[in-house]
Amino acid sequence: MSKRIGMEVSIAVAEAVKLANADVIAAYPITPQTHIVEHLSELVADGDLDAEYVCVESEHSAMSAVVGASAAGARSYTATASQGLALMHEILFIASSMRLPIVMTVANRALSGPLSIWNDHSDVMASRDCGWIQYFVENGQEAFDHTLIAFRVAEDPEVSLPVIVNLDGFILSHMIEPHVLLDDEEVARYIPPFRPVNRLDPDNPVTMGDFAMPEFYTEVKKSQEMALRNSRATIDKGWQEFAELTGRKYQAVETYKTEGAEILMLSMGALGETASVAVDRMRDQGLPVGLVKLRLWRPFPSDDLLKALGGAKKIVVMDRAISFGAAANPVAAEVTSLLYDTEPRPCIFNSVVGLGGRDVRVEDFEAIVKKAMQGHSYPGPVGDYDLIGVRE
Amino acid sequence: MTSKEKTWTWRDIPVGAVAENPGSSSEYLTGGWRSQRPVFTPDNCVQCGVCYIYCPDASIVMTPEGYPEILLDYCKGCGICARECYMATFGLSCFEMVDEEEFR
Numbered sequence: 092m093s094k095r096i097g098m099e100v101s102i103a104v105a106e107a108v109k110l111a112n113a114d115v116i117a118a119y120p121i122t123p124q125t126h127i128v129e130h131l132s133e134l135v136a137d138g139d140l141d142a143e144y145v146c147v148e149s150e151h152s153a154m155s156a157v158v159g160a161s162a163a164g165a166r167s168y169t170a171t172a173s174q175g176l177a178l179m180h181e182i183l184f185i186a187s188s189m190r191l192p193i194v195m196t197v198a199n200r201a202l203s204g205p206l207s208i209w210n211d212h213s214d215v216m217a218s219r220d221c222g223w224i225q226y227f228v229e230n231g232q233e234a235f236d237h238t239l240i241a242f243r244v245a246e247d248p249e250v251s252l253p254v255i256v257n258l259d260g261f262i263l264s265h266m267i268e269p270h271v272l273l274d275d276e277e278v279a280r281y282i283p284p285f286r287p288v289n290r291l292d293p294d295n296p297v298t299m300g301d302f303a304m305p306e307f308y309t310e311v312k313k314s315q316e317m318a319l320r321n322s323r324a325t326i327d328k329g330w331q332e333f334a335e336l337t338g339r340k341y342q343a344v345e346t347y348k349t350e351g352a353e354i355l356m357l358s359m360g361a362l363g364e365t366a367s368v369a370v371d372r373m374r375d376q377g378l379p380v381g382l383v384k385l386r387l388w389r390p391f392p393s394d395d396l397l398k399a400l401g402g403a404k405k406i407v408v409m410d411r412a413i414s415f416g417a418a419a420n421p422v423a424a425e426v427t428s429l430l431y432d433t434e435p436r437p438c439i440f441n442s443v444v445g446l447g448g449r450d451v452r453v454e455d456f457e458a459i460v461k462k463a464m465q466g467h468s469y470p471g472p473v474g475d476y477d478l479i480g481v482r483e
Numbered sequence: 333m334t335s336k337e338k339t340w341t342w343r344d345i346p347v348g349a350v351a352e353n354p355g356s357s358s359e360y361l362t363g364g365w366r367s368q369r370p371v372f373t374p375d376n377c378v379q380c381g382v383c384y385i386y387c388p389d390a391s392i393v394m395t396p397e398g399y400p401e402i403l404l405d406y407c408k409g410c411g412i413c414a415r416e417c418y419m420a421t422f423g424l425s426c427f428e429m430v431d432e433e434e435f436r
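Heads up: the protein sequence lines correspond to chains A and B, in order.
When the letters of the first sequence are read in order and numbered with my numbering, they come out as residues 92 to 483.
When the letters of the second sequence are read in order and numbered with my numbering, they come out as residues 333 to 436.
Warning: the hint list may mix true and false statements.
Said to hold, decoys possible - In silico DSBU-like cross-links for lysine-lysine, where the CA-CA straight-line distance does not exceed 30 angstroms:
1) A:K312 with B:K408
2) A:K94 with A:K328
3) A:K340 with A:K94
4) B:K338 with A:K313
5) A:K328 with A:K340
6) A:K348 with A:K404
7) A:K348 with A:K461
8) B:K408 with B:K338
9) A:K312 with B:K338
It is worth saying that the hints were derived from the structure and are not from the lab.
Remember, it's a predicted structure, so these values are computed and weren't measured experimentally.
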């Protein structure tokens, strides 16, 4: 199937879950995720998707329900945002520790307070270390594709880990965009039947999610950490097989006009599309600027990023969340730590943009880059960053 | 936890740290957590079995003669048996909590 269909991104994501033939969906509606689960409940109610749709009373229960469903061997899906993700927090860690291949869409939204229903990344950054594989997608097609890719990767017996697909709330979730969908037969070829590594089976009983004495906990954590790090090979395989199926190629780190660039911007999620327009404009003005886009957030693609950023004199890292009182904001902290040993060490700038739905325009990227071009030399003051557009 | 598992490296941990031998918690000896030990006085006992019911760790079993027996491999020394004992109402609890160091 190669016809482009205009569709709201949330609906496309729900259609991907249907194509993946999920068995159990447990979700609680929260803006801006609502349309995804609303459409899924319609699909189940209309008999278009043979799944159990569990109407839970909170996100804590939603995540608990999919943990149980996945442990019983069901292909399980949920979606949330902001406060909903925060309410799931403790169960996120249990899902990854139990190695349950749950797939979750997070329609990224600012955390309260003050209450904001609009986009930023503060929700997922607060749950950053939950041990899930985490993608950030840039547009509707990527959101649809990565919902399928997430099931393929999560359930691979070599991985057996839960996956979050982050998509920017409203900016992506509520946009109507062209999507090339897949048909059932293509998806069935791409995502094999779910064969869980562990399953609650009365004939072969095991204890899942039990306790560990200090003699065990460290070994269990190392085993979990290695599973996430080693998942990278299967993540790449997931993209490669998807490219063979659809022709759409993805990788952990993507570059845009980075050749000969002296200054690079680094973005995650929907910012990339606007930033690439800014790069086009600045390249037309003769400025040596390029863009690096981070699609895979966990496991962190260090080698790919080192390669992509190598040679740049200046790097501007875009964060869509503040890490209050920290030495650097989440993405900048990671990138700075990664580049510490590079010779010569590039000058790193950090811009926090788009908090709580503040619009980020092409002109903002141009201003950020132009400021960095004349900017101070490394190292700047600890924790120094620009909060773009803030009224001083 | 058996002695074999105590030597496990992280590579030996089953996926998701599942216990492949369910119902094996009796292999975890928790008696070492105890700082006080319940000491039984048979003369006070009316064989009511309240201590057996209240013990949160199932560390009390009833003997064929109808008296409680503390399983010291598992008893964490919480003292609930001593407090809930019916005879404690009369100041004659069947159990006295004694510091573990007295037994060294």
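Hint check:
1. A:K312 with B:K408: holds, 27 angstroms
2. A:K94 with A:K328: Cα-Cα ~26 angstroms, so holds.
3. A:K340 with A:K94: Holds: A:K340 and A:K94 sit about 18 angstroms apart, inside 30 angstroms.
4. B:K338 with A:K313: Answer holds: B:K338 to A:K313 is near 16 angstroms, not above 30 angstroms.
5. A:K328 with A:K340: Holds. A:K328 to A:K340 sits at ~11 angstroms (cutoff 30 angstroms).
6. A:K348 with A:K404: At roughly 15 angstroms apart (the allowed maximum being 30 angstroms), A:K404 and A:K348 satisfy the hint.
7. A:K348 with A:K461: Judged against 30 angstroms, a Cα distance of about 17 angstroms means the pair holds.
8. B:K408 with B:K338: holds, 21 angstroms
9. A:K312 with B:K338: holds, 15 angstroms
In summary, the structure agrees with every hint in the numbered list given earlier.
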